[in-house]
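Chains as they are written, first to last, in UniProt numbering: chain P, 1 to 597; chain X, 1 to 597.
Honestly, the hints are just simulated from the structure, not real lab data.
Certain hints may be false.
For identical chains, the list gives no copy identity; a pair is met inside one copy or between any two copies.
Cross-link-like lysine-lysine pairs, in silico, BS3-like; alpha carbons within 25 Å at most [as the list claims (entries may be wrong)]: (1) K78 to K151; (2) K4 to K78; (3) K493 to K574; (4) K463 to K493; (5) K496 to K574.
In case you want the letters, here they are:
There are 2 protein chains.
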Amino acid sequence: MSYKAPVKDMLFAIEHLARIDQVAQIPGFEDAGLDTAQAVLEECARFNEEVVAPLNVPGDLHPSTWKDGTVTTTAGFKDAFRQYVEGGWQGLQHPVDAGGQGLPKTIGAACVEMLNSANMSFALCPLLTDGAIEALLTAGSDALKNIYLEKLVSGQWTGTMNLTEPQAGSDLALVRTRADKQADGSYKLFGTKIFITYGEHDMAENIVHLVLARAAGAPEGVKGISLFVCPKFLVNGDGSLGARNDVHCVSIEHKLGIKASPTCVLQYGDNGGAVGYLVGEENRGLEYMFIMMNAARYAVGMEGVAIAERAYQHAVAYAKERVQSRPVDGSVAGSATIIHHPDIRRMLMTMRAYTEACRAMALTGAASFDAAHQHPDAEVRKVNQAFYEFLVPLIKGYSTEMSQEVTSLGVQVHGGMGFIEETGAAQYYRDSKILTIYEGTTAIQANDLVGRKTARDGGQVAKGVASQIEATEKALIASGSEGARSLAINLEKARKAFLDVVDFVVDTSKSAPNDVFAGSVPYLMLAGNLVAGWQMGRALLAAQELLTTGSGDKAFLEAKVTTARFYGEHILVKTSALRDEILHGGASVMALPLDSF
Amino acid sequence: MSYKAPVKDMLFAIEHLARIDQVAQIPGFEDAGLDTAQAVLEECARFNEEVVAPLNVPGDLHPSTWKDGTVTTTAGFKDAFRQYVEGGWQGLQHPVDAGGQGLPKTIGAACVEMLNSANMSFALCPLLTDGAIEALLTAGSDALKNIYLEKLVSGQWTGTMNLTEPQAGSDLALVRTRADKQADGSYKLFGTKIFITYGEHDMAENIVHLVLARAAGAPEGVKGISLFVCPKFLVNGDGSLGARNDVHCVSIEHKLGIKASPTCVLQYGDNGGAVGYLVGEENRGLEYMFIMMNAARYAVGMEGVAIAERAYQHAVAYAKERVQSRPVDGSVAGSATIIHHPDIRRMLMTMRAYTEACRAMALTGAASFDAAHQHPDAEVRKVNQAFYEFLVPLIKGYSTEMSQEVTSLGVQVHGGMGFIEETGAAQYYRDSKILTIYEGTTAIQANDLVGRKTARDGGQVAKGVASQIEATEKALIASGSEGARSLAINLEKARKAFLDVVDFVVDTSKSAPNDVFAGSVPYLMLAGNLVAGWQMGRALLAAQELLTTGSGDKAFLEAKVTTARFYGEHILVKTSALRDEILHGGASVMALPLDSF
Numbered sequence: 001m002s003y004k005a006p007v008k009d010m011l012f013a014i015e016h017l018a019r020i021d022q023v024a025q026i027p028g029f030e031d032a033g034l035d036t037a038q039a040v041l042e043e044c045a046r047f048n049e050e051v052v053a054p055l056n057v058p059g060d061l062h063p064s065t066w067k068d069g070t071v072t073t074t075a076g077f078k079d080a081f082r083q084y085v086e087g088g089w090q091g092l093q094h095p096v097d098a099g100g101q102g103l104p105k106t107i108g109a110a111c112v113e114m115l116n117s118a119n120m121s122f123a124l125c126p127l128l129t130d131g132a133i134e135a136l137l138t139a140g141s142d143a144l145k146n147i148y149l150e151k152l153v154s155g156q157w158t159g160t161m162n163l164t165e166p167q168a169g170s171d172l173a174l175v176r177t178r179a180d181k182q183a184d185g186s187y188k189l190f191g192t193k194i195f196i197t198y199g200e201h202d203m204a205e206n207i208v209h210l211v212l213a214r215a216a217g218a219p220e221g222v223k224g225i226s227l228f229v230c231p232k233f234l235v236n237g238d239g240s241l242g243a244r245n246d247v248h249c250v251s252i253e254h255k256l257g258i259k260a261s262p263t264c265v266l267q268y269g270d271n272g273g274a275v276g277y278l279v280g281e282e283n284r285g286l287e288y289m290f291i292m293m294n295a296a297r298y299a300v301g302m303e304g305v306a307i308a309e310r311a312y313q314h315a316v317a318y319a320k321e322r323v324q325s326r327p328v329d330g331s332v333a334g335s336a337t338i339i340h341h342p343d344i345r346r347m348l349m350t351m352r353a354y355t356e357a358c359r360a361m362a363l364t365g366a367a368s369f370d371a372a373h374q375h376p377d378a379e380v381r382k383v384n385q386a387f388y389e390f391l392v393p394l395i396k397g398y399s400t401e402m403s404q405e406v407t408s409l410g411v412q413v414h415g416g417m418g419f420i421e422e423t424g425a426a427q428y429y430r431d432s433k434i435l436t437i438y439e440g441t442t443a444i445q446a447n448d449l450v451g452r453k454t455a456r457d458g459g460q461v462a463k464g465v466a467s468q469i470e471a472t473e474k475a476l477i478a479s480g481s482e483g484a485r486s487l488a489i490n491l492e493k494a495r496k497a498f499l500d501v502v503d504f505v506v507d508t509s510k511s512a513p514n515d516v517f518a519g520s521v522p523y524l525m526l527a528g529n530l531v532a533g534w535q536m537g538r539a540l541l542a543a544q545e546l547l548t549t550g551s552g553d554k555a556f557l558e559a560k561v562t563t564a565r566f567y568g569e570h571i572l573v574k575t576s577a578l579r580d581e582i583l584h585g586g587a588s589v590m591a592l593p594l595d596s597f
Numbered sequence: 001m002s003y004k005a006p007v008k009d010m011l012f013a014i015e016h017l018a019r020i021d022q023v024a025q026i027p028g029f030e031d032a033g034l035d036t037a038q039a040v041l042e043e044c045a046r047f048n049e050e051v052v053a054p055l056n057v058p059g060d061l062h063p064s065t066w067k068d069g070t071v072t073t074t075a076g077f078k079d080a081f082r083q084y085v086e087g088g089w090q091g092l093q094h095p096v097d098a099g100g101q102g103l104p105k106t107i108g109a110a111c112v113e114m115l116n117s118a119n120m121s122f123a124l125c126p127l128l129t130d131g132a133i134e135a136l137l138t139a140g141s142d143a144l145k146n147i148y149l150e151k152l153v154s155g156q157w158t159g160t161m162n163l164t165e166p167q168a169g170s171d172l173a174l175v176r177t178r179a180d181k182q183a184d185g186s187y188k189l190f191g192t193k194i195f196i197t198y199g200e201h202d203m204a205e206n207i208v209h210l211v212l213a214r215a216a217g218a219p220e221g222v223k224g225i226s227l228f229v230c231p232k233f234l235v236n237g238d239g240s241l242g243a244r245n246d247v248h249c250v251s252i253e254h255k256l257g258i259k260a261s262p263t264c265v266l267q268y269g270d271n272g273g274a275v276g277y278l279v280g281e282e283n284r285g286l287e288y289m290f291i292m293m294n295a296a297r298y299a300v301g302m303e304g305v306a307i308a309e310r311a312y313q314h315a316v317a318y319a320k321e322r323v324q325s326r327p328v329d330g331s332v333a334g335s336a337t338i339i340h341h342p343d344i345r346r347m348l349m350t351m352r353a354y355t356e357a358c359r360a361m362a363l364t365g366a367a368s369f370d371a372a373h374q375h376p377d378a379e380v381r382k383v384n385q386a387f388y389e390f391l392v393p394l395i396k397g398y399s400t401e402m403s404q405e406v407t408s409l410g411v412q413v414h415g416g417m418g419f420i421e422e423t424g425a426a427q428y429y430r431d432s433k434i435l436t437i438y439e440g441t442t443a444i445q446a447n448d449l450v451g452r453k454t455a456r457d458g459g460q461v462a463k464g465v466a467s468q469i470e471a472t473e474k475a476l477i478a479s480g481s482e483g484a485r486s487l488a489i490n491l492e493k494a495r496k497a498f499l500d501v502v503d504f505v506v507d508t509s510k511s512a513p514n515d516v517f518a519g520s521v522p523y524l525m526l527a528g529n530l531v532a533g534w535q536m537g538r539a540l541l542a543a544q545e546l547l548t549t550g551s552g553d554k555a556f557l558e559a560k561v562t563t564a565r566f567y568g569e570h571i572l573v574k575t576s577a578l579r580d581e582i583l584h585g586g587a588s589v590m591a592l593p594l595d596s597f
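Throw the hints in and build the complete structure from the sequences for me.
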């Protein structure tokens with residue numbers, strides 16, 4: 001099943017929701033207007049459709065293999081990655097003075113979606129490199145930047161994030177990898193890291209590991225963790241590769257999905273110590289790592305959108321082709337393609353509405369990221385930073401949870417064929433399952449939403465978002481159409497449910513933390529549902545406006561109105577139950593004694 | 001991860017919800033009281049825990065293989081099946097005069113759950129044999145019964161259901177397999193059947209295929225389908241095996257889950273025709289097949305309960321062992337096992353509440369089946385038959401949908417380890433995905449619920465169920481406890497939502513079928529949620545009563561009260577959104593033009 005990038009929907013969101021015209025007014029982004037977006041997206045679509053997407057099934061059937069410390073990726077990956085590098089795709093969002101193209105995230109994020117739709121396993125390698133680049137840009141010394149940055153931005157070398165250890169997953173306080181300082185200022189690393197994506201592979205000549213470890217004498221817990229660069233091959237003064245470093249891949253995992261992406265166990269220091277270089281200052285590693293992680297969390301949210309889109313396309317193609325049974329309304333005399341059946345339609349519309357809404361949320365978030373980072377006005381930066389930070393757990397948590405519902409529906413649309421691996425629908429179902437886990441589980445995102453993003457400021461940002469949503473409701477009502485009215489009603493109910501929960505979180509998180517955290521994931525799901533639905537409200541308004549003026553693609557715009565209304569009537573309505581569960585269900589979550597489980 | 005059969009919870013449901021004392025008053029079931037249930041369940045638990053469960057992971061790792069028409073099952077399956085047969089388990093629910101034990105479904109269903117928890121792939125072989133037995137009992141001639149019945153009931157031979165063809169899945173009107181009548185009264189079959197579970201294997205000496213096919217000159221569509229027995233080996237007059245019949249397994253599928261269970265493509269008649277024998281009368285095949293299918297649908301619902309139970313046990317074990325992070329309430333000074341964290345608890349309680357509620361619904365349904373079939377009073381039979389038929393789509397549809405949510409949560413509880421196949425949680429996630437598809441997809445169950453079970457009688461049975469639920473609400477309120485009151489409130493809201501939808505279905509299914517069928521699956525989910533929740537209400541009342549009288553296991557009974565309350569506060573609350581979606585969302589399901597997908 002081939003992949004066709006949804007360039008039209010992406011450009012609609014970039015133009016009307018992310019407002020690329022405003023992004024292009026920010027110094028540094030002057031050339032990044034709608035025309036640039038269109039040109040980049042079209043070229044990106046071509047590359048991913050033709051080069052990367054065809055490797056998705058082969059990657060699942062013939063995963064990366066490990067032998068004697070060497071990892072061989074699926075046939076074709078190395079060549080595709082070479083083309084990715086040659087096309088300059090790795091540097092898309094990175095600074096021009098590091099060899100990148102300096103495009104805004106508003107454009108880059110759409111490219112991330114395409115790459116992940118085409119092939120999530122493949123896309124993970126560049127995604128991790130992006131994280132390493134972010135960390136070096138933020139906290140790396142000039143010396144480190146000089147050695148590593150350009151090669152990472154070009155894609156000549158790739159990067160990894162080394163956080164997890166067997167005893168330290170969500171809880172990084174338990175990290176035990178040790179870093180011993182050497183006379184020359186470098187360190188020697190000793191320890192075991194697990195779940196290291198692309199920790200070893202054959203697609204690049206060097207791999208730059210960003211590693212959390214404890215320097216000698218560091219305090220216990222998260223305050224004693226430092227961040228180190230530890231390359232696979234040491235780098236000589238002239239930039240050429242030197243000796244093999246003492247970090248080795250001792251095995252790769254046998255996984256449910258994303259099988260082509262090697263998930264490595266890395267052993268540091270079994271032969272005298274792996275040479276590592278401190279990034280920034282000692283004991284500030286977690287802070288730097290969060291920078292990488294926030295970028296990665298956003299990207300994982302995009303992976304959710306991406307795999308949902310691919311599953312949707314797959315299901316639509318099957319539903320338009322498979323003939324089975326007569327329509328219940330008698331609209332076709334004999335057997336019809338199954339897309340005529342209401343429940344198939346409900347499933348496809350659900351998949352479509354979730355995907356479009358989460359894409360809209362993510363691209364809107366990308367624009368706020370761009371403003372937060374590069375806008376000349378400090379107040380604008382601040383407002384956008386707060387909004388973006390509020391969105392990150394929603395983009396990560398909600399978009400990935402929804403992707404599992406969507407890929408499950410995708411299998412279901414295929415009926416018995418969906419269960420047969422050759423059909424391809426099952427791969428999305430398997431691949432998507434990692435998304436609610438890595439880069440912080442949904443519960444970790446929800447803790448972030450409850451603690452840092454809601455309780456800490458007394459719900460101020462959350463209520464600000466609600467006010468903006470209320471304005472959209474009013475605009476919908478004022479627009480006068482039946483679809484807009486329906487969506488406004490459902491948005492209003494959802495917003496009120498959200499405000500009830502925000503008050504509850506703010507009032508209760510100190511006095512009854514168990515009650516609040518028992519509802520943290522439902523709160524995340526409510527907030528994500530609402531904010532994504534709000535973007536559908538904005539999309540509906542924009543589409544109606546264009547229809548009125550007669551500009552744009554009529555069928556596309558009418559479909560947007562219909563899809564937005566569907567989102568309200570079938571997805572936003574879930575929020576009331578989440579509110580009830582959060583406000584009234586806390587006690588029963590924790591009531592069962594441990595021995596009774 | 002070992003499996004421990006939840007005998008205590010099963011016996012609680014059998015005693016207090018299914019009311020085995022009443023079942024044991026039905027002629028033929030006099031010996032099938034609580035003591036018998038307990039003895040059978042304990043022996044069944046031992047067998048499944050020790051013999052069948054240890055083969056679950058090996059079956060996933062080393063699925064059945066096909067070579068030159070022969071299927072070899074996973075090492076150990078053949079021996080375990082021999083023990084299954086020797087233990088008399090195949091005949092548990094079948095008539096004594098066919099060599100069975102004649103136990104009620106109220107007991108047999110619990111045994112079906114255990115077998116499926118232990119090993120769903122293994123359990124499918126006996127499940128299909130049960131279907132073949134049912135069909136022969138219902139419609140087979142004495143001659144056919146004499147030849148096949150005892151050998152199927154003993155488990156010496158196994159059975160299959162042959163419905164699906166490449167072009168005929170949910171839509172059996174499209175069946176093309178041909179049956180040519182021979183001079184001796186037998187038929188010769190020609191055609192291709194796909195998705196035939198255990199269509200070929202090495203665990204029994206003969207395989208008895210029940211096959212849908214068209215006799216020459218039969219009408220088109222479903223009214224021209226007949227049912228045939230077609231054995232792998234023809235049977236001589238003395239019961240010994242004769243010539244190999246012309247039905248051959250030409251391949252098996254590569255599937256997402258239940259990998260040990262061979263899913264066969266069977267080719268009939270490539271060498272002159274497969275000898276088949278008509279079951280009952282020509283052109284009544286679909287009617288007979290529905291008998292098998294209704295039994296099978298119930299059993300698939302039980303598979304949902306079974307795999308949810310196994311996933312729950314797996315997740316609890318991990319949550320009690322894995323140490324990570326400090327509890328948010330400060331109840332433990334350092335890092336704690338993750339079962340201390342509210343979101344892990346929420347997930348485990350969700351898994352538990354779904355599983356117990358669906359088990360209770362299924363066992364209650366089993367008791368009504370027993371009364372419907374064997375009660376001496378015709379009126380009692382009729383009432384129970386109607387109730388049972390209303391329940392079947394809920395047991396099949398709701399329990400399997402919930403099992404996918406539960407197994408997904410099971411992976412999530414394990415965090416990153418859940419994605420690693422060796423952990424075992426992913427297998428349940430993969431295995432469960434077939435349950436909403438085979439024996440009729442959830443949409444097919446929902447069509448049945450809307451059409452035959454609700455609209456046809458003007459909602460009479462549905463409203464009768466609602467009245468019974470209302471009585472339970474009153475009893476809960478009257479009991480005076482806080483937990484009971486909370487559950488009563490949530491039951492009432494859910495019941496009212498259900499009644500709104502029943503009225504809508506009855507009023508609208510003729511005039512606007514698309515609107516009703518657009519909400520058919522949400523209606524099924526609403527009804528299943530409510531009826532399962534109702535059983536939790538009955539369970540809560542029984543548990544409270546026992547706690548008051550001081551009899552029974554206090555910790556178990558208190559856990560039941562807590563779990564029931566949780567079900568109300570976290571699961572029943574979903575019903576309002578389903579109602580809103582059904583009543584107000586029909587139009588947007590079908591509004592998008594086909595070209596816009």
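Hints, verified against the model:
{"no.": "1", "hint": "K78 to K151", "verdict": "within (17 Å within a copy, 58 Å between copies)"}
{"no.": "2", "hint": "K4 to K78", "verdict": "within (23 Å within a copy, 47 Å between copies)"}
{"no.": "3", "hint": "K493 to K574", "verdict": "both (10 Å within a copy, 15 Å between copies)"}
{"no.": "4", "hint": "K463 to K493", "verdict": "within (15 Å within a copy, 30 Å between copies)"}
{"no.": "5", "hint": "K496 to K574", "verdict": "both (13 Å within a copy, 17 Å between copies)"}
In terms of the numbered hints stated before, the structure departs from none.
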